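Novice: Listed below are the residues making up each chain.
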Amino acid sequence: MLYWSLKTLLSEPVRLLVSALAVAVSFILVIFFSAVFEGESEQMVLYLEKMEADVWVMQKGVSNMHMTSSMVWDWKVDRIAQMPEVKEVAAILYFNGAVKIGGKDWFSYVIGISPQYRRTAPWAMVQGKSLPGPGEAVIPEVISQLTGVQIGDEIMLTDRPLKVVGLSRETFSMASAVVFVAREELGDLLEGRDQYSYIMVYAEPGVNAKTLAERIKQEIDKVNALTSEAFIASDRQLAVQMGAEIVRMMTMIGTLLATLIVAFTAYSLIARKKQELAITKALGFGNKQIYLAALSQTVVVTALGLLLALLISFTVLQWLPTVAPQINLSVRLHQFTSIAMVTLPVALLASLSAARTVAKVDPMTVFHQ
Amino acid sequence: MFKLIYRQLVYEPFRTLLTCGAIASALAVILLLEGFQFGLLVQLKNVALNRGADLVVAQTGVNNFVAARSLLPQLSRERIESIEGVVEAHPITMVPVIYEQAGYRKSPIFFVVYDTRGGPSKLKAGRAAKAPREIVIDESLAVLYDLKVGDPFIVADFEFRVSGVAEQASALFTAFSFINYDDMIDFFFDSDLVGDISNLPLLSYLLVELEPDTDKQYIAAKIEAVESEADAFMPEQLSQNDVALGRTLFGPVMGVLIGAGYVIALLVVGMIMFAAVHARLRNFGVMKALGFPNHTLVSEMVLESLIMVLLAFPLALLLALFGSWVIETRVPLYLVPVMEIVPLIRTFVAALVLAVIGAYLPYRLIAKLDPALVFRG
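Going down the list, the sequences are from chains X and D. Numbering-wise (the working numbering), the first sequence opens with residue 4 and increments by one. Numbering-wise (the working numbering), the second sequence opens with residue 1392 and increments by one.
So here's chain D without its partners, still in its complex pose:
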């Protein structure tokens, strides 16, 4: 049977190539959608983890780092730093602003204001903001607005200068930009944004650095005891909360999209198997005349379908990798990791199942086939 299938595949190499291409494309779409979903969650997960803290302190009741408004009392830093085992509590402030290039487009961005820790975890170009009015922007802003190191970056009439470009510093379709506290104060006053604000959002979170081998749980409890208006989290815990928020937000939509991807793949495999059965009706007639039962013929189709999916899968991976590279290069706001093991295995197993179901779709054609067909002209 393998030999027969092999001969079928090499008989028309262009057709085999086109068939594998169609299956691979359908599978690549699923891999890309899975990657897109995974990327959204990875971006959310990394925001808290990439700040480099042993513990993160937030306003009581705030359980997220992303899409949350946390406001800590100014004195909380001093109180927390007085706890034994705490080396330093690094301040960090999140300020949502809109970046707009005249006559072009606008994007929501988050200013991540930091002092000694919590800045960009990885730089793609340039350096961290050191001099006054310097800013590190996310690579997605650099690509979208064609910005380079040294270019001006104007927000609400306040001019920053790009000192660096951060790699993958975005989440929830929003890019992060990193500035220091002096510039935040200047920005608030110079841009008039401070006009009617009675209480400036000066401190959102504290990134707590602990002495080596300190019990994190113990210090977290101590922090909550000395600072009644704050909750202390392990970065992993906060990052899990952000991921859960992402699942609530995107889960249903991505579920439908990935489901549609599987329907396409099933239809493509079914269509190919229909074409294959149609093209070989006479052969099947001969086989039936020779006494082969229906289930043997269908088994051959299943095997052929599985082999085609196995041949198409590496191509699908290459296509998905290429697609992911194009998306991440052209729109770095999105992260599309297609080589993640869990979605990869899930897609591979699903593809095999689809191959089997797809091969059964033209079953009626084989079952209804009259062996006498072979004797007709």
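Excised from the complex, chain X in its bound form:
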């Protein structure tokens, strides 16, 4: 019976492919949403990861970089640098807002860097210099591609025209394109000439980052110190949660759509094979076997849809950022497993209506024309 079920499905390969493709695209719709939020979240914390600090120090009451502002007196950087457990420090001034590039506003992380903290500069350059001086800026290569703004062109940071001196790689995301400017410039704009926003602390070998963070909080007044791991996790959590609900809703909608497609495929296949099913019943096959055959068709269509979704996601979706570089996607296997776990039982339940039709088939149908 199982053999018949699969043979029936495979007898119309085009139709099976179209059904599986429709299921696959429903899955891809959900995966795309999820991949965008994960891709954005990963990109959002990339700067923090690339700095490879052991501990991040910021204003008290702050534990994030995204959608936050932090101000710490610059003398605190020196105080931290003098601690015996500290090998090196670096510091940046930062603000989160729109920067006008090529006539468009881009929501950006603006990072003010000082020449003495070279490691806070972009880690990968496409062109130009990585350390901007006063009146200069380094912008993401992606924005340059999208707007046509090149080295030597002007961008606007609120009311300040800045000359583009470098194009950086891996620094673009929808919610956090990283624009590097001179700390002096940003300090002037934010009226924070004597402040930094975040201090990166590099510990001496053998020093535990968590212990060091606690020590900094005890030693330095009104600061928060987090291990790099905790700080990155905190920002990632914030970013993921911003999209969590809509991803969940889209999963529900996509699942519903995929389920309907699976149910429709199973129903129309079975409805057309009534006569053959009547023969099998006349030959003594029980309802249980027929139910099983109907359900197996659902499993095959769903599984094939999932397989196609996997294939398309890991090829087309991975390729998409090369033609639309403003889209950051992170396709991960866990996105599929969660969809499969939700869709498969629902699709099986939905195909019960088709199975019921089979169960009600009269063996006499075989003699009807």
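Hints were generated in silico from the structure; no laboratory data involved. Please read these numbers as outputs of a predicted model, since none were measured by experiment. Each hint can be trusted.
To be clear about the criterion: a stretch of chain X counts as covered by chain D if any three or more of its residues have a C-beta under 8 Å from a C-beta of chain D, and this derived list gives those stretches:
#1 26-32
#2 158-166
Straight-line distance between alpha carbons at most 35 Å, and here's what the computed DSBU-like set of lysine-lysine pairs gives:
#3 X:K103 / D:K1613
#4 D:K1497 / X:K103
#5 X:K53 / D:K1497
#6 X:K107 / D:K1613
#7 X:K90 / X:K53
#8 X:K225 / D:K1539
#9 X:K107 / D:K1607
#10 D:K1513 / X:K107
#11 D:K1436 / X:K107
#12 X:K90 / X:K225
#13 X:K213 / D:K1497
#14 D:K1607 / D:K1521
#15 D:K1521 / D:K1539
#16 D:K1497 / D:K1513
#17 X:K166 / D:K1436
#18 X:K225 / D:K1497
#19 X:K53 / X:K107
#20 D:K1539 / D:K1515
#21 X:K90 / X:K132
#22 X:K103 / D:K1513
#23 X:K107 / D:K1497
#24 X:K103 / X:K132
All C-beta atoms in this analysis are idealised placements derived from N, C-alpha and C, irrespective of residue type, glycine included.
With chain X's structure known, arrange chain D on it following the hints.
Specialist: Chain D in isolation, oriented as in the chain X frame:
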């Protein structure tokens, strides 16, 4: 031909229902995605418009109300209020903070600090913040964190009390909460946030109220003349800039998503038409044997496909409305208006086009059909 199609549709009502359901679901997904995109832009558009100003004054070079950091000189209010035709310049300050419920989750929020104008445009429950430490939160925070009027709302160890819940006061996936200036100062000092800030962000924008029949353009020019560090905007202009920012941010992603929605709809219609042609191969064989040409048979499929899409569209609307209601009730951070006329017409026309393309997909099956089939068992 209509009669034939009608008989086909009523012959198997469950199948027709399932078919319409599948098409309607695919169309509902497009309507929801269109609504989601439209909602993001509407939310952005409303932030500046809902502040109730005739003119909005921002720091020079700042062109947005959302996702912008504007800092105006304290004395700018006095200078602007001295201009003839200006009734009052109401201060407003935007402060980004993170709201966190211990062991639960965290959300970025914007404190909208206001004095006499610029507060929540519509309240769903409770009242505006009047007493010390009162706050009006957006409905999305109330739902997400299960907060009601009278509940404490703690940010950076500073305890506010919820006095009201605002309706649709969010944009860019970020909820707004409304507090007054005294509480902002207390919040800055009590929560230690002020520790190392040399210059408190006390004034972000001024909401300028003009005397009736005053020329807005003229006053805007006067404001820019008396206050060199400020630009004056019509609220509509600022709101258009925010919408443009939204399009830059979400346009490509939403374009791909809506495109995927259309691909699904096309595949669903194609799949249904394949099934319909397969199921009626013998009928088509008879018709071909009777001399009906291929294009007549395909025309019948096109007509049937169009009728099914027309039947499915109202159902799609109902499904999309239901989906939108579920999303807006469960996650009020998002606005999903599915009845907006432009996206609605666009989806409807696209659905008809998809119906025609979908009906042509099984063309080869009909074209290759041998009329002799009808004489086989």
